[in-house]
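Peer 1: Here's the letter readout for the chains.
2 protein chains.
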Amino acid sequence: MRKYRLMSPGPTPVPEKVLLRMADTIIHHRTPQFGNILKDVNSKIKKVFSTKNPVFIFASSGTGAMEASVTGLLSKGDKALIINGGKFGERFGKICQAYGVKTVDYDVTWGESASPEIVKKLLKENPDIKAVYGTLCETSTGVVNDIKKIGEVVSVTDAVFVVDAISGLLADEFRPDDWGVDVVVCGSQKGFMLPPGLAFLSLGPKAEKLVEKSNLPKFYFDLKAAKKSHAKDDTPWTPAVSLITGLDSVLDMVLAEGLDNVLTRHARLARATREAVKAIGLEVFSKSPSNAVTAVKVPEGFDGTVLVKKMRDEQSITIAGGQSELKGKIFRIAHLGYMDEYDTIGAIAGVEIVLSQMGYPIELGKGVGKAQELLK
Amino acid sequence: MRKYRLMSPGPTPVPEKVLLRMADTIIHHRTPQFGNILKDVNSKIKKVFSTKNPVFIFASSGTGAMEASVTGLLSKGDKALIINGGKFGERFGKICQAYGVKTVDYDVTWGESASPEIVKKLLKENPDIKAVYGTLCETSTGVVNDIKKIGEVVSVTDAVFVVDAISGLLADEFRPDDWGVDVVVCGSQKGFMLPPGLAFLSLGPKAEKLVEKSNLPKFYFDLKAAKKSHAKDDTPWTPAVSLITGLDSVLDMVLAEGLDNVLTRHARLARATREAVKAIGLEVFSKSPSNAVTAVKVPEGFDGTVLVKKMRDEQSITIAGGQSELKGKIFRIAHLGYMDEYDTIGAIAGVEIVLSQMGYPIELGKGVGKAQELLK
Chain A
0 MRKYRLMSPG PTPVPEKVLL RMADTIIHHR TPQFGNILKD VNSKIKKVFS TKNPVFIFAS
60 SGTGAMEASV TGLLSKGDKA LIINGGKFGE RFGKICQAYG VKTVDYDVTW GESASPEIVK
120 KLLKENPDIK AVYGTLCETS TGVVNDIKKI GEVVSVTDAV FVVDAISGLL ADEFRPDDWG
180 VDVVVCGSQK GFMLPPGLAF LSLGPKAEKL VEKSNLPKFY FDLKAAKKSH AKDDTPWTPA
240 VSLITGLDSV LDMVLAEGLD NVLTRHARLA RATREAVKAI GLEVFSKSPS NAVTAVKVPE
300 GFDGTVLVKK MRDEQSITIA GGQSELKGKI FRIAHLGYMD EYDTIGAIAG VEIVLSQMGY
360 PIELGKGVGK AQELLK
Chain B
0 MRKYRLMSPG PTPVPEKVLL RMADTIIHHR TPQFGNILKD VNSKIKKVFS TKNPVFIFAS
60 SGTGAMEASV TGLLSKGDKA LIINGGKFGE RFGKICQAYG VKTVDYDVTW GESASPEIVK
120 KLLKENPDIK AVYGTLCETS TGVVNDIKKI GEVVSVTDAV FVVDAISGLL ADEFRPDDWG
180 VDVVVCGSQK GFMLPPGLAF LSLGPKAEKL VEKSNLPKFY FDLKAAKKSH AKDDTPWTPA
240 VSLITGLDSV LDMVLAEGLD NVLTRHARLA RATREAVKAI GLEVFSKSPS NAVTAVKVPE
300 GFDGTVLVKK MRDEQSITIA GGQSELKGKI FRIAHLGYMD EYDTIGAIAG VEIVLSQMGY
360 PIELGKGVGK AQELLK
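So the sequences go chain by chain: A and B.
For the first sequence, numbering that gives the first Met the number 0 gives the first residue as 0, with consecutive numbering after it.
For the second sequence, numbering that gives the first Met the number 0 gives the first residue as 0, with consecutive numbering after it.
Note that these hints are calculated values from the structure, not bench results.
Because the structure is a prediction, the values reported are computed rather than measured.
Each residue gets a CB set at the ideal place from its N, CA and C atoms; glycine is no exception.
Treat the hints loosely; a few may be bogus.
[Claimed, not checked] Straight-line C-alpha distance at most 35 Å; calculated DSBU-like pairs for lysine-lysine:
1. B:Lys328 - A:Lys38
2. A:Lys226 - B:Lys308
3. B:Lys227 - A:Lys326
4. B:Lys2 - A:Lys43
[Stated by the list, open to error] Covered stretches of chain A, going by a simulated chain B footprint (3 or more residues, C-beta under 8 Å):
5. 6 to 13
6. 20 to 30
7. 95 to 104
8. 172 to 180
9. 210 to 218
[To be verified] The calculated label-pair distances, taken between Cβ atoms and stated as ranges, are:
10. A:Arg1 - B:Glu15: 40 to 46 Å
11. B:Pro31 - A:Lys51: 43 to 49 Å
12. A:Arg174 - B:Ala255: 49 to 55 Å
13. A:Asn260 - B:Leu254: 22 to 28 Å
14. B:Gln356 - A:Arg1: 44 to 50 Å
15. B:Met252 - A:Ser154: 51 to 57 Å
16. A:Glu324 - B:Ala97: 35 to 41 Å
17. B:Lys2 - A:Arg29: 18 to 24 Å
18. A:Arg1 - B:Lys208: 25 to 31 Å
Work out the full structure, taking the sequences as your base and the hints as a guide.
Peer 2: Put into structure tokens, the structure is as follows:
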């Protein structure tokens, strides 16, 4: 018997009581009973998003809401600025491409955060940019971007600022309304502690004007339809009923813990992980590390793919490897959602054991000890 | 205490053991463990679809797969034939409109089934039609269409035949491969006995050729990406993990019961319902009644909205009312998914009680007795 430990940056573990809530009798979505749940959810999720704007809920994975933020806002011939520092920044560019939106590409070196100065320069050079697409936490590199500073730059222009906060929300500080963020995109299987299957999108007043004018084709992810239904605490299409009842429960959990406490918890776990891996001689990959996920460089001469596989198959701990150009070169440990001190300590202990099995010179317990010190 | 009885044509009740399976530990989607589940599911779902073609799974409600069947197959300037006999046939037309696809609209009188002869005539008049969009069971009217005969007509032309079997699959006989159906669209919350949140699309060889050529914009619902991932038992985006493990369980249940037995069960429940309502003097709305859902005319002088509301609020039985032009004029009882004789008997008993409370002259037990006779 080995327990299954999910330490990847999505999906993340779901609290048992939420799993059981979702196992309750399925109710019909066009009833006052479900309408009341949705009304509650619509109100609570705004608090968790730290926004006054409505938050629309889609039955889809996060990519669906990313698509909605392109097709819902833009029109034929529009130009968008893509801040691309990894797999998920890149995805915004691909979606724009699929819909014929012209892009100005700001390619950020993987592992580094985007420079607000460069965003400013690009916006100045391209005053016709309609929207800037950025990422709070770039899951593929473990980088958190300075959304506040980028927001300052974007908010004084006519462009709207869309932020993919799919993995960052609830882990990294994020105040969209104060920071000039007009649209936030999120998903259920990260900080929200739910299974994958829901995507969220908050829509601010500056972006709403674009929605009214947008002429890119869309149907399922139509923001006008979403907005119209949301005003009646309804959804345009059949909602994912069980996941939404689960959402009702996790929102209660997050609000009971308190947003600031949730952020502090993530920050503690992330810092302990960073210091622990440093204590065993490893290097954190990200120059601006997120509190959602820590990306660690695999030591020279070792194969990260083997490490991740041994962690999963022998230790029963699922962490993530590197994607694309980082394949084999980094491993990623999440601190996301339903995780506490002993989950983090366990993951570090597992990494120590596996690295030692792989022949990396290590004193077992050194990284764990460092984490204990910081988490005691 | 009143139990919640869900007798609507989607969502439908979920078996308790499936609810509990979905409440199991969430696992990561890019692991051999989940890959094996998906491989199994991909193989079993083909049997349930009665097809040799691959069946793609989307995290979305059924409408998402409907959209995929438009944007994935068609190109700019293409023409499609829309067989529109209710809310869901109409939806195909709206999706085509949203993406600039020209439509030939065959408006079928609500409550009647589509005529294969008219489809033939329209295809002859419009030899440039690339795809015909039809519905197996039109949920809004309780009509089952003669897909076999329409398929005969379409299959001898160059057009592909796309069938929305969202509510019909597993309730009405349906043999896509034998009947000349190229693409089948389905959803999780009907015959599949799952919560809403998954959509399915099977893709046959004739349709695959269109997919290769299609140039309508798409991203999340891109069939090329779905096909590529499916070949590796993977998904392009994060799948709805818990719903897919639930799918694994319901597919086992359906295959253990046997497809023919499942269809016979639905046919028995539907027939008993039709005969029961006739026994109390009511009329079945549909001229070609589906075994997924029975639409019944509300007697002259009575308000169907009140009946549905009293059923829900006083009897705790959720049936469906009429939509759009049928609002208040029909009520709909489903026989869909996890339902048996006593669910049907209960629903009929509830309708009798409520109609009698509303002043409709009725001998309590008359409809129920008829159902008992047919279901004993």
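Peer 1: Does each hint hold? Answer for all of them.
Peer 2: Taking the hints in turn, this is what the structure says about them:
1. Only pairs whose Cα atoms come within 35 Å are accepted, and B:Lys328 paired with A:Lys38 is accepted, the gap being roughly 29 Å.
2. Distance check on the hinted pair: A:Lys226 and B:Lys308 sit about 27 Å apart at the alpha-carbon level, within 35 Å; holds.
3. As the CA atoms of B:Lys227 and A:Lys326 are separated by approximately 21 Å, the hinted pair is consistent with the 35 Å bound.
4. Straight-line distance between C-alpha atoms of B:Lys2 and A:Lys43 comes to about 28 Å, which keeps the hinted pair within the 35 Å bound.
5. Here the stretch 6 to 13 of chain A counts 6 residues with a CB under 8 Å from a CB of chain B, which clears the bar of 3, and the coverage holds.
6. Given as covered by chain B, the stretch 20 to 30 of chain A passes the check, having 9 residues with a CB less than 8 Å from a CB of that chain where 3 are the minimum.
7. Only residues whose beta carbon comes within less than 8 Å of a beta carbon in chain B count, and the stretch 95 to 104 of chain A has 3; three or more means the coverage holds.
8. For a cut-off of 8 Å, the count of residues in the stretch 172 to 180 of chain A with a CB near a CB of chain B stands at 0, and the three-residue condition is violated.
9. Residue count for the stretch 210 to 218 of chain A with a Cβ under 8 Å from a Cβ of chain B: 4. That meets the three needed, and the coverage hint holds.
10. The supplied range of 40 to 46 Å is broken by A:Arg1 and B:Glu15, whose beta-carbon atoms lie about 28 Å from each other.
11. For the pair B:Pro31 and A:Lys51, the beta carbons lie near 45 Å from each other, so the given range of 43 to 49 Å is met.
12. At about 53 Å, the beta-carbon gap between A:Arg174 and B:Ala255 stays in the expected band of 49 to 55 Å.
13. Remark: the range hint 22 to 28 Å for A:Asn260 to B:Leu254 is contradicted by a beta-carbon distance near 48 Å.
14. A hinted range of 44 to 50 Å for the beta carbons of B:Gln356 and A:Arg1 is inconsistent with their spacing of about 59 Å.
15. Taking the beta carbon of each, B:Met252 and A:Ser154 are about 54 Å apart, inside 51 to 57 Å as hinted.
16. The given range of 35 to 41 Å is respected by A:Glu324 and B:Ala97, whose C-beta atoms sit roughly 37 Å from each other.
17. Between B:Lys2 and A:Arg29 the beta carbon distance is about 20 Å. The supplied range of 18 to 24 Å therefore holds.
18. In this structure the supplied range 25 to 31 Å is violated for A:Arg1 paired with B:Lys208, their Cβ-Cβ distance being about 48 Å.
Of the numbered hints listed earlier, those contradicted by the structure are 8, 10, 13, 14, 18.
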